[in-house]
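Asks: Okay, here's what each chain looks like letter by letter:
2 protein chains.
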Amino acid sequence: MMSDSPADLIITGCTVLVHDDQERIGFEENATIVVRDGAIESVSTAPATVEARQHIDARGQVALPGLVNCHTHAPMVALRGLAEDLPTEEWFNDVVWPVESNLTATDVALGARLACAEMIRGGVTCFADHYFSMDTVAAVVEECGIRAHLGEAYFSSQGPQGREKSLEFALRHRDGAGGRITTALAPHAPYTVDDADLTATADLAREHGLPVHLHASENRDQAETSLARHGVTPIEVLRRTGILDTDVLIAHGSGILDRDLPLLASAAGLTAVATAPRGYLKFAWPTTTPVRALRDIGVPVGLATDGAASNNSLDVWESMALTALIQKSTTGDPRWLTSRQALHHATLQSARAVGLGDRIGSIAPGRRADLVLVDLTGPHTQPVHDLAATLVHSARSSDVRTTIVEGRILMRDRELLTIDVPAVVAELGERLPALVDRGHGKRIQEYDT
Amino acid sequence: MMSDSPADLIITGCTVLVHDDQERIGFEENATIVVRDGAIESVSTAPATVEARQHIDARGQVALPGLVNCHTHAPMVALRGLAEDLPTEEWFNDVVWPVESNLTATDVALGARLACAEMIRGGVTCFADHYFSMDTVAAVVEECGIRAHLGEAYFSSQGPQGREKSLEFALRHRDGAGGRITTALAPHAPYTVDDADLTATADLAREHGLPVHLHASENRDQAETSLARHGVTPIEVLRRTGILDTDVLIAHGSGILDRDLPLLASAAGLTAVATAPRGYLKFAWPTTTPVRALRDIGVPVGLATDGAASNNSLDVWESMALTALIQKSTTGDPRWLTSRQALHHATLQSARAVGLGDRIGSIAPGRRADLVLVDLTGPHTQPVHDLAATLVHSARSSDVRTTIVEGRILMRDRELLTIDVPAVVAELGERLPALVDRGHGKRIQEYDT
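Protein chains in written order, with the working numbering: chain A, 119 to 567; chain B, 119 to 567.
If you are wondering where the hints come from, they were derived from the structure by calculation, not from laboratory data. Computed from a predicted structure; not experimentally measured. One or more of the hints may lead you astray.
For chains that are exact copies, the list does not tell them apart, and a pair is met inside one copy or across any two.
[What the hints assert, rightly or not] Computed list of lysine to any residue pairs in SDA-like fashion (alpha-carbon distance at most 25 Å, straight line):
hint	residue 1	residue 2
1	283	148
2	560	504
3	283	380
4	283	130
5	283	453
6	283	215
7	283	555
8	560	502
9	560	494
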């Protein structure tokens, strides 16, 4: 039953992306969305009769579930463009890890704030972050109003303290920021976290009901090196350490091999993969995430950008288009990964990948009110013969006009309401000389798959 | 010597992309650009002392040579999104060519106007168009102020009239619109124009001093079919018909084979290739334009979008980023096609590809004043560690704030000054039902490589 009191927000006149009971993508025209207490109360094509404290006239716009960045390192926007045109190992060892040795909590806060500004402007309402100084990132999430799935990263080189800190973070921040923050245990990867640590992590995950977010089989090299050194693939390492028995989000997986698929299939329902195809192209990796094979075994694939140090942006809209294009190209099949499939990855599959499949990812009554309004009046998105294709292949993240999380407007008509970008940029600019200094010769970690 | 009379336009406070005498990309900060009589009079970091009728304060912005779309079919924006997720032959035969049979001059005018609006908003100041009803496209170019290199396309199925019409168009519009229009002979492709017609075209090109713009070896299938049917590649057809002895712009060339390279090498200086990588991915073609091999033999490669019916946009900025990414990926070399190389393709090489290497493509005294101002204050383009990388991999076409052709401002602060987009969209919307009707069963041509 509808409440008689005014709703918090009403959006009228828009076309809404909806999912039917088979999860097929559809569109309802001239719809009204009513938001109350941070949730979607109704989506209707009947004339609006509800009063609301805020009203958005969204004629000419399309309402989509907010995009989810399923794997990033938000504070790394501070390193955007610092390590260009390099192979992966030089990128890590010669630039990224020496610079990350300099990171302070202040740098992380500034980076996270800039990243959230970029994501909100790009229509991202939730991001899964895997980084250091995550208390600071959590504070930024709290202050700017976005949703996040956070994990404090650790290496075995930190000793047991790394794992303990990751657990302590995950427990303390779970359901933080009024439910906008969820958490995960965040071992870095099988090549930087040993089997004993992974086994202990899996035990902790089960004991505390926590998911796990880690890098695994990022590329073919990692898979082949693991096979040569240990006789098993990184996915097989996840199996034997019990990680695959937890609710696990695997970042990248472009090195997933055919022999891994039965293991992932038996973990379907618990496992998801995040794909960030731009970086794989830029690093010239030989393969991309095997999205089609994962679809065939029921493993959801969410969209991601990775950090801006490799991806140069946190533009999930671009990840959506590139996933469609690169999947067509690598499978040799122009009929595969249609625009509607891309939108399914961007909505329900991405929500599931970050463990929020029952809360976000769809504009439907009862879901949290995380949504964006997209302007299709620009010449580059006209005419519209196929709205799904227009959204995936013609529209851009810059066409997002309004971004809403839990019913709160974080960007309205492209104006950010919760982050002062010029102030962040100015303060970050002062920090950069100290941040990028590599004279100390230290690295927080060595890349050696 | 500078004139004492006021200049037409002065742009102050910007960072300017410049080329040194080795064509290396550089940037001059806090520069002043003076424009007079449609040309760049000076670029200087000294304080401006010149008076001008118009002034743009471009602090925080970067001035780049306007982008050049080296191969498109502008009016096809009317078909944007109409034929999705199809193999090339179905796309042509079942949708595009039946719909093109319906095209009227009114449709072409509306499509061209919408396309020019999209391109001007995306920082494109010149486009090479290869289509039908080109008198209409020329009129749109005249009215909206953009620069264009135009050719009236023809098939041998039209008989000798096709070729004659293409010549008549090229001669009549050469140096039209106050020099903004240049022209080419425009046979469609070796698989739709027979050898006799190509030979006659080459003769006409030499006789009249006209360049040739055509599709050739678009994909590997075309090359292999040509070899199987005729024993020669499409590039070898261009050789034996004399087309390679003309000033020729080859669209796509993703099917160029190693055996073609010596032929193209001996035509270097006359030949250029336009690459539009997005469509190759979307059609799942097995190869992309061999940019590195073409660089090695001195053939310039310009950036392009093809038509929006395959590419879904006319976003040359995206073509620039995708060219960098796809070249890294397909060569397996992350060091190849750096951001500075991508900017070289986007500027000097694209200008050369459309035969305008001495007029545009560089911001330098004496060049025509075709340039764009790009805003890098957005969170997605901060901080700037490497300006070339920021431009290629972080900035987007939507960051272009101002577009100038021949010193005339066509877009200022993202407002289009010469095209009324809502009016064009409304009128085009009324035309669409008749345009997309395929009930007649006709095709203007059959795709059969």
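Asks: Please go over all the hints and tell whether each is borne out by the structure.
Replies: These are the hints, each one checked on the structure:
Proximity of residue 283 and residue 148 under a CA criterion of 25 Å is satisfied in neither setting, with 49 Å inside one chain copy and 48 Å between copies. Proximity of residue 560 and residue 504 under a CA criterion of 25 Å is satisfied inter-copy only: 23 Å between copies versus 53 Å inside one chain copy. Taking the shortest Cα distances, residue 283 and residue 380 never come within 25 Å of each other, neither inside one copy (33 Å) nor across copies (62 Å). When the C-alpha separation of residue 283 and residue 130 is checked against a cutoff of 25 Å, the pair qualifies neither within a copy, at 46 Å, nor between copies, at 52 Å.
For the identical chains of this complex, residue 283 and residue 453 are neighbours neither inside a copy (46 Å) nor across copies (38 Å), given an alpha-carbon limit of 25 Å. Proximity of residue 283 and residue 215 under a CA criterion of 25 Å is satisfied intra-copy only: 20 Å inside one chain copy versus 63 Å between copies. In this assembly of identical chains, residue 283 and residue 555 lie within 25 Å of each other by CA distance neither inside one copy nor across copies; the values are 27 Å within and 64 Å between. In this homomeric assembly, residue 560 and residue 502 come within 25 Å of each other (Cα to Cα) only across copies, at 24 Å, whereas the closest approach inside a single copy is 54 Å.
For the homomeric pair residue 560 and residue 494, neither the shortest alpha-carbon distance inside one copy (49 Å) nor that between copies (32 Å) is at most 25 Å.
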